[in-house]
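Chains A and B, in that order, are what the protein sequence lines are.
Residue 164 in our numbering is what sits at position 116 of the first sequence, and the numbering runs on without skipping anything.
Residue 279 in our numbering is what sits at position 231 of the second sequence, and the numbering runs on without skipping anything.
Note that these hints are calculated values from the structure, not bench results.
Where hints are given, some of them may not hold.
[Said to hold, decoys possible] Pulled from the structure, derived: some chain A residues nowhere near chain B, Cβ distances all over 12 Å:
{"no.": "1", "residue": "95"}
{"no.": "2", "residue": "148"}
{"no.": "3", "residue": "152"}
{"no.": "4", "residue": "160"}
{"no.": "5", "residue": "162"}
{"no.": "6", "residue": "169"}
{"no.": "7", "residue": "216"}
{"no.": "8", "residue": "235"}
{"no.": "9", "residue": "280"}
{"no.": "10", "residue": "316"}
{"no.": "11", "residue": "353"}
[To be verified] Straight-line distance between alpha carbons at most 25 Å, and here's what the computed DMTMM-like set of lysine to aspartate or glutamate pairs gives:
{"no.": "12", "chain 1": "A", "residue 1": "247", "chain 2": "B", "residue 2": "291"}
{"no.": "13", "chain 1": "A", "residue 1": "326", "chain 2": "B", "residue 2": "196"}
{"no.": "14", "chain 1": "A", "residue 1": "168", "chain 2": "A", "residue 2": "126"}
{"no.": "15", "chain 1": "B", "residue 1": "188", "chain 2": "B", "residue 2": "56"}
{"no.": "16", "chain 1": "B", "residue 1": "253", "chain 2": "A", "residue 2": "126"}
{"no.": "17", "chain 1": "B", "residue 1": "76", "chain 2": "B", "residue 2": "117"}
{"no.": "18", "chain 1": "B", "residue 1": "188", "chain 2": "A", "residue 2": "228"}
{"no.": "19", "chain 1": "B", "residue 1": "164", "chain 2": "B", "residue 2": "216"}
{"no.": "20", "chain 1": "B", "residue 1": "98", "chain 2": "B", "residue 2": "126"}
{"no.": "21", "chain 1": "A", "residue 1": "253", "chain 2": "B", "residue 2": "281"}
{"no.": "22", "chain 1": "B", "residue 1": "98", "chain 2": "B", "residue 2": "50"}
{"no.": "23", "chain 1": "B", "residue 1": "76", "chain 2": "B", "residue 2": "154"}
{"no.": "24", "chain 1": "A", "residue 1": "242", "chain 2": "A", "residue 2": "117"}
{"no.": "25", "chain 1": "A", "residue 1": "253", "chain 2": "B", "residue 2": "58"}
{"no.": "26", "chain 1": "A", "residue 1": "242", "chain 2": "B", "residue 2": "255"}
{"no.": "27", "chain 1": "A", "residue 1": "242", "chain 2": "B", "residue 2": "154"}
{"no.": "28", "chain 1": "A", "residue 1": "168", "chain 2": "A", "residue 2": "196"}
{"no.": "29", "chain 1": "A", "residue 1": "371", "chain 2": "A", "residue 2": "304"}
{"no.": "30", "chain 1": "B", "residue 1": "164", "chain 2": "B", "residue 2": "149"}
{"no.": "31", "chain 1": "B", "residue 1": "99", "chain 2": "B", "residue 2": "123"}
{"no.": "32", "chain 1": "A", "residue 1": "247", "chain 2": "B", "residue 2": "260"}
{"no.": "33", "chain 1": "A", "residue 1": "371", "chain 2": "A", "residue 2": "263"}
{"no.": "34", "chain 1": "A", "residue 1": "168", "chain 2": "A", "residue 2": "68"}
{"no.": "35", "chain 1": "A", "residue 1": "326", "chain 2": "B", "residue 2": "216"}
{"no.": "36", "chain 1": "A", "residue 1": "188", "chain 2": "A", "residue 2": "149"}
{"no.": "37", "chain 1": "B", "residue 1": "326", "chain 2": "A", "residue 2": "196"}
{"no.": "38", "chain 1": "A", "residue 1": "253", "chain 2": "B", "residue 2": "263"}
{"no.": "39", "chain 1": "B", "residue 1": "253", "chain 2": "A", "residue 2": "123"}
{"no.": "40", "chain 1": "A", "residue 1": "253", "chain 2": "B", "residue 2": "123"}
Even glycine gets a Cβ: it sits at the ideal position worked out from N, Cα and C.
There are 2 protein chains.
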Amino acid sequence: MDNRNNIDFDGIGRFFEEHDCINILTHKSPDGDTLGAGFGLCAYLRAMGKKANVLNSDGFPERYSFMYEGYYDMEFEEECVIAVDIADTALLGASLLRYAEPAAIDLCIDHHISNKFYAKQSYVDGSASAACLILYRIFKHLGRPISDIIAKCLYTGIATDTGCFKYENTVPAAHIAAAELMQYNIDFANVNRKMFDIKSRARLKAEMISTESMEYFYEGRCAMIIMTTAAMESYGIEPAEFEGISAIPLTVLGVDIGITVRQRHEKVFKLSVRTTDKLDASAFCRQFGGGGHIRAAGCEINGTLEEVRQTVIEAVGRLLGMKV
Amino acid sequence: MDNRNNIDFDGIGRFFEEHDCINILTHKSPDGDTLGAGFGLCAYLRAMGKKANVLNSDGFPERYSFMYEGYYDMEFEEECVIAVDIADTALLGASLLRYAEPAAIDLCIDHHISNKFYAKQSYVDGSASAACLILYRIFKHLGRPISDIIAKCLYTGIATDTGCFKYENTVPAAHIAAAELMQYNIDFANVNRKMFDIKSRARLKAEMISTESMEYFYEGRCAMIIMTTAAMESYGIEPAEFEGISAIPLTVLGVDIGITVRQRHEKVFKLSVRTTDKLDASAFCRQFGGGGHIRAAGCEINGTLEEVRQTVIEAVGRLLGMKV
Numbered sequence: 049m050d051n052r053n054n055i056d057f058d059g060i061g062r063f064f065e066e067h068d069c070i071n072i073l074t075h076k077s078p079d080g081d082t083l084g085a086g087f088g089l090c091a092y093l094r095a096m097g098k099k100a101n102v103l104n105s106d107g108f109p110e111r112y113s114f115m116y117e118g119y120y121d122m123e124f125e126e127e128c129v130i131a132v133d134i135a136d137t138a139l140l141g142a143s144l145l146r147y148a149e150p151a152a153i154d155l156c157i158d159h160h161i162s163n164k165f166y167a168k169q170s171y172v173d174g175s176a177s178a179a180c181l182i183l184y185r186i187f188k189h190l191g192r193p194i195s196d197i198i199a200k201c202l203y204t205g206i207a208t209d210t211g212c213f214k215y216e217n218t219v220p221a222a223h224i225a226a227a228e229l230m231q232y233n234i235d236f237a238n239v240n241r242k243m244f245d246i247k248s249r250a251r252l253k254a255e256m257i258s259t260e261s262m263e264y265f266y267e268g269r270c271a272m273i274i275m276t277t278a279a280m281e282s283y284g285i286e287p288a289e290f291e292g293i294s295a296i297p298l299t300v301l302g303v304d305i306g307i308t309v310r311q312r313h314e315k316v317f318k319l320s321v322r323t324t325d326k327l328d329a330s331a332f333c334r335q336f337g338g339g340g341h342i343r344a345a346g347c348e349i350n351g352t353l354e355e356v357r358q359t360v361i362e363a364v365g366r367l368l369g370m371k372v
Numbered sequence: 049m050d051n052r053n054n055i056d057f058d059g060i061g062r063f064f065e066e067h068d069c070i071n072i073l074t075h076k077s078p079d080g081d082t083l084g085a086g087f088g089l090c091a092y093l094r095a096m097g098k099k100a101n102v103l104n105s106d107g108f109p110e111r112y113s114f115m116y117e118g119y120y121d122m123e124f125e126e127e128c129v130i131a132v133d134i135a136d137t138a139l140l141g142a143s144l145l146r147y148a149e150p151a152a153i154d155l156c157i158d159h160h161i162s163n164k165f166y167a168k169q170s171y172v173d174g175s176a177s178a179a180c181l182i183l184y185r186i187f188k189h190l191g192r193p194i195s196d197i198i199a200k201c202l203y204t205g206i207a208t209d210t211g212c213f214k215y216e217n218t219v220p221a222a223h224i225a226a227a228e229l230m231q232y233n234i235d236f237a238n239v240n241r242k243m244f245d246i247k248s249r250a251r252l253k254a255e256m257i258s259t260e261s262m263e264y265f266y267e268g269r270c271a272m273i274i275m276t277t278a279a280m281e282s283y284g285i286e287p288a289e290f291e292g293i294s295a296i297p298l299t300v301l302g303v304d305i306g307i308t309v310r311q312r313h314e315k316v317f318k319l320s321v322r323t324t325d326k327l328d329a330s331a332f333c334r335q336f337g338g339g340g341h342i343r344a345a346g347c348e349i350n351g352t353l354e355e356v357r358q359t360v361i362e363a364v365g366r367l368l369g370m371k372v
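Isolated chain A (complex conformation) (with noise of 0.2 Å):
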C-alpha cells in the first residue's frame, strides 16, 4: 500500500455518501480494467440513488458493449470527480484535459505504482492486479449489494488486467475475487471469448502479415518484425490494428527477445521489446533513450530502415554475447 494514500476504504464510503452528481474518468485508449472500474463504479453509486457518469475521450468501443448495455447518459451539474484506473493526468485523453488542471479530480483509484497522486485525495494499491480488485475490496467493505453487471464490470477488469490470471501480477486475491464474482449471473465464459479470442478479420491478416514477415537470429534467441509504413499501408489495414503483434516474437520456442519495430515516420522508427526471465528489456531499451518494464519496454531509434535494423542486430547480439 503506498503510504502517500490518504484516504482509506471508509473514507472512500463517506465520499460516495456525501457526493450526490459524480463524474467518473476511465483513461484514454481505454482497456477492460478502466472500464470495468468506470461503468462497475458508476452501476454502483446509481445503486445508491447517486447520479453518476462515466466519460472517456475516446469513447467506449464496441467490444466492451456486455459493460455499458443499459447504461445512458444522466444529466446532472458536475459536483465531484473520481478518476480510476488512471496514473497520471497525462493519460486523460485530448477531451479530457480539463481535468488535468491541479486538485480538478477530487479522488483517484488505482492500481499503478507509477501512479503521480495528482488527485485531491488517492487510494493506490500498486500491489494489486487490477483497479477492478480495489474497488471490489472496496465494494465488500462497504457492505452494499452488488449487482450482475457490477460483478460482471469488476470481473472483466481483473480478467483483463491479469491476461485472464495467466500473468505474473495475478494475486491470490485475483482468483478469490473471480471465485465470488462468477457467482453472479456474468456469463465468464463469454466475457474470456470476447476479451482473449475474438479478432477482427483486420487484426488477424494484421497478425498473419507480422508473423510472416518475422526474421530469427542468433540460433533463433532473437525473434523480430519490422513494420514499415508502406507495408502496412499496401495491404490496406489500419496502422492501430498492428498494435497487438509486440507480443507475437516472444512466442516462439526458444525465443528469448522478441523485438517488433514499427515505421513512424521516414526515418523514425518505435520498438516495443519483450524478454523472457533471462534477460533485462528495459535496460536494452534504456541505451537508445527508452524505459519500460523488465520484461516489456519500448524506445525510438531513428535512422533509415537498414540503419535501424544493424543497430538492433548488433545491440542483441552485444546483449546476448554472440556474433550474428
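Using the hints, position chain B against chain A.
This is chain B only, laid out in the frame that chain A set:
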C-alpha cells in the same frame, strides 16, 4: 458427484496407506491435467515412503518437463494400479493395453462425466474442472503437507484444463485452488507461458498457413479452413502441427460456426466444428454420423475435395437458414 462412485476421500487415503508399489496410469496423447495428476500423485506417494511410477503410452512430452524434473523410474514389483484423468481404457494407448483387461486397474480418479467405471474402485466428479482439482481436494482432506512440485503439477492441470480459467468448465473451486497453490514456489506465470503462449516455429507456420487459407461464407457467419494432405506436405510441416488449428475460425469477430476440414485419405475428410452459443455443433455433425459437445464436435465426410466443400457449405446454409 457420480453415484456409481464406490470409494470416498477417506477410502482413498486408506488405499494409499495400504499399498507400497504403485503404478500410476495417464492417458495417451498426454495433456497438462493427466500428467499433472500423474506426477503430482507420484510425488505425494513417494513423500509417503511409497514406491510409485508414472506410466504413459506415448512418453512424456518435453513441454511438460517442468513437471518431471527430478523424476526417475523406480524399480519395484507392481502391487496396484491407479488411473488418473482416464475416462475409458480405450485412452490407455498401445503400450498400456495390458491394463485394458477387466479389473486390471484398482483405482480410478477422474473428472470426466463420460467415465466408464472400468476400475475396481472409482472416484469420479464430473463437476470438477480437472482431475488435478479432485486430487488437490483429496490431498487437503488427507492433511499431509504438499511440496512445491506437487503444487506446481496440480496448478498446471487445473490451468490447462480450464484454458487458464477462461472456459465455462472453470468452477469457483478451481480459482480457490489456484489462489492457494500459487502461494507455493511454483512460478505459475512461467508455467502459463509454457502452456498457453509458446509455440514451435512449425506450429506458428501451420497456423499462419491455415489462417491465410480461411474462407468466409454467409455474411461472415461461417469461416472455414480446408487443409489437403498435398497442401500440408508442400509446406514441409508435419500434419500433427495442424492439430491445433481447429480453434482458429471461431476466433474471428462475427463468426458463429467455424469449420476446419482436414484431408485424411484421398476421398476422406475430417471436420472439426466449433460454434458460439447460437448454434449446436454436435447436431450439425450428427447429420454426417459424427458427434461431440454442443460447442465443439466432429465428423468425417467422404468425397472429392470439391464435393465435400459443397456439402459443408450447403449444410451450413440450412443451419443458418441462409443462401450462399
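Cross-check of the supplied hints:
{"no.": "1", "hint": "95", "result": "holds (24 Å)"}
{"no.": "2", "hint": "148", "result": "holds (34 Å)"}
{"no.": "3", "hint": "152", "result": "holds (37 Å)"}
{"no.": "4", "hint": "160", "result": "holds (19 Å)"}
{"no.": "5", "hint": "162", "result": "holds (21 Å)"}
{"no.": "6", "hint": "169", "result": "holds (31 Å)"}
{"no.": "7", "hint": "216", "result": "violated (4 Å)"}
{"no.": "8", "hint": "235", "result": "violated (9 Å)"}
{"no.": "9", "hint": "280", "result": "holds (18 Å)"}
{"no.": "10", "hint": "316", "result": "holds (29 Å)"}
{"no.": "11", "hint": "353", "result": "holds (23 Å)"}
{"no.": "12", "hint": "A:247 x B:291", "result": "holds (21 Å)"}
{"no.": "13", "hint": "A:326 x B:196", "result": "holds (22 Å)"}
{"no.": "14", "hint": "A:168 x A:126", "result": "holds (16 Å)"}
{"no.": "15", "hint": "B:188 x B:56", "result": "holds (14 Å)"}
{"no.": "16", "hint": "B:253 x A:126", "result": "violated (54 Å)"}
{"no.": "17", "hint": "B:76 x B:117", "result": "holds (20 Å)"}
{"no.": "18", "hint": "B:188 x A:228", "result": "holds (21 Å)"}
{"no.": "19", "hint": "B:164 x B:216", "result": "holds (23 Å)"}
{"no.": "20", "hint": "B:98 x B:126", "result": "holds (12 Å)"}
{"no.": "21", "hint": "A:253 x B:281", "result": "holds (24 Å)"}
{"no.": "22", "hint": "B:98 x B:50", "result": "violated (29 Å)"}
{"no.": "23", "hint": "B:76 x B:154", "result": "holds (19 Å)"}
{"no.": "24", "hint": "A:242 x A:117", "result": "holds (15 Å)"}
{"no.": "25", "hint": "A:253 x B:58", "result": "violated (55 Å)"}
{"no.": "26", "hint": "A:242 x B:255", "result": "holds (20 Å)"}
{"no.": "27", "hint": "A:242 x B:154", "result": "violated (44 Å)"}
{"no.": "28", "hint": "A:168 x A:196", "result": "violated (31 Å)"}
{"no.": "29", "hint": "A:371 x A:304", "result": "holds (16 Å)"}
{"no.": "30", "hint": "B:164 x B:149", "result": "holds (13 Å)"}
{"no.": "31", "hint": "B:99 x B:123", "result": "holds (8 Å)"}
{"no.": "32", "hint": "A:247 x B:260", "result": "holds (15 Å)"}
{"no.": "33", "hint": "A:371 x A:263", "result": "holds (16 Å)"}
{"no.": "34", "hint": "A:168 x A:68", "result": "holds (18 Å)"}
{"no.": "35", "hint": "A:326 x B:216", "result": "violated (35 Å)"}
{"no.": "36", "hint": "A:188 x A:149", "result": "violated (32 Å)"}
{"no.": "37", "hint": "B:326 x A:196", "result": "holds (22 Å)"}
{"no.": "38", "hint": "A:253 x B:263", "result": "holds (13 Å)"}
{"no.": "39", "hint": "B:253 x A:123", "result": "violated (54 Å)"}
{"no.": "40", "hint": "A:253 x B:123", "result": "violated (54 Å)"}
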